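2 protein chains.
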Amino acid sequence: MIKIVAVMKIKAECVDTFKALARELVEKSRAEEGNISYSLNERIGDPATLAFIEVWRDQAAIDTHNATEHFTRILPKLGELCESAQPGNLFTEVEF
Amino acid sequence: MIKIVAVMKIKAECVDTFKALARELVEKSRAEEGNISYSLNERIGDPATLAFIEVWRDQAAIDTHNATEHFTRILPKLGELCESAQPGNLFTEVEF
Numbered sequence: 021m022i023k024i025v026a027v028m029k030i031k032a033e034c035v036d037t038f039k040a041l042a043r044e045l046v047e048k049s050r051a052e053e054g055n056i057s058y059s060l061n062e063r064i065g066d067p068a069t070l071a072f073i074e075v076w077r078d079q080a081a082i083d084t085h086n087a088t089e090h091f092t093r094i095l096p097k098l099g100e101l102c103e104s105a106q107p108g109n110l111f112t113e114v115e116f
Numbered sequence: 021m022i023k024i025v026a027v028m029k030i031k032a033e034c035v036d037t038f039k040a041l042a043r044e045l046v047e048k049s050r051a052e053e054g055n056i057s058y059s060l061n062e063r064i065g066d067p068a069t070l071a072f073i074e075v076w077r078d079q080a081a082i083d084t085h086n087a088t089e090h091f092t093r094i095l096p097k098l099g100e101l102c103e104s105a106q107p108g109n110l111f112t113e114v115e116f
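Residue numbers (the numbering used here), protein chains in the order written: chain A, 21 to 116; chain B, 21 to 116.
No lab work stands behind these hints: they were computed from the structure.
Since this is a predicted model, take the numbers as computed values, not measurements.
Be a bit skeptical, because a hint or two may be false.
If chains are identical, the list can't say which one is meant, so a pair holds when it fits in one copy or spans any two.
Unchecked claim - No farther apart than 16 Å at their CA atoms in a straight line, the calculated lysine to aspartate or glutamate pairs in the EDC-like style are these:
1. Lys29 with Asp66
2. Lys48 with Glu115
3. Lys97 with Glu53
4. Lys31 with Glu100
5. Lys39 with Glu115
6. Lys97 with Asp36
7. Lys39 with Glu100
8. Lys39 with Glu113
9. Lys48 with Glu103
10. Lys29 with Glu103
11. Lys97 with Asp66
12. Lys31 with Asp78
13. Lys39 with Asp66
14. Lys48 with Glu33
Assemble the whole structure, with the sequences as input and the hints as a guide.
Here it is, written out as structure tokens:
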């Protein structure tokens with residue numbers, strides 16, 4: 021299981037456009053076979069900072085996702101609406 | 021529902037100690053009534069960068085958590101093992 025946290029600062033005037041575009045990405049990503057969860061999240065008190073928080077079965081599922089039509093079409097459009105973006109952080113859960 | 025993502029860079033020689041201390045915090049936090057999920061995660065390819073990813077029912081549950089014996093006792097010890105820490109990011113999910 022791999023978790024991705026990708027935090028982005030959106031240009032203030034572009035937040036609504038970003039969310040409208042992201043909706044299709046969220047819905048189609050959730051429908052992918054290797055996806056466990058996929059959400060867009062808004063930082064409390066800072067509505068122009070958004071984060072995708074995603075959980076995938078494995079790296080192969082992420083590779084497939086990164087090559088999908090919806091990802092390759094929508095992600096560059098989202099990128100244009102960002103003021104800045106942290107690199108996506110990939111994590112694995114520590115098992116105790 | 022409120023999600024917390026807290027990313028920390030641990031002093032290289034302290035990673036095992038951090039995980040051992042964090043185990044009790046994870047287990048006791050998961051047992052709290054308002055907790056939905058609570059995990060410690062390791063950045064892929066960068067094992068000294070760890071992230072708590074948490075989901076709580078509401079702000080009241082977080083306030084209760086922040087006042088628990090396990091949180092107030094263990095968190096300062098974890099802080100001493102960090103080289104740096106991003107401020108905890110609190111998010112709410114965007115509903116489409």
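Discussion item. For a quick check of understanding: which of the numbered hints are violated here, in increasing order?
Written reply: 3, 9, 11, 12, 14
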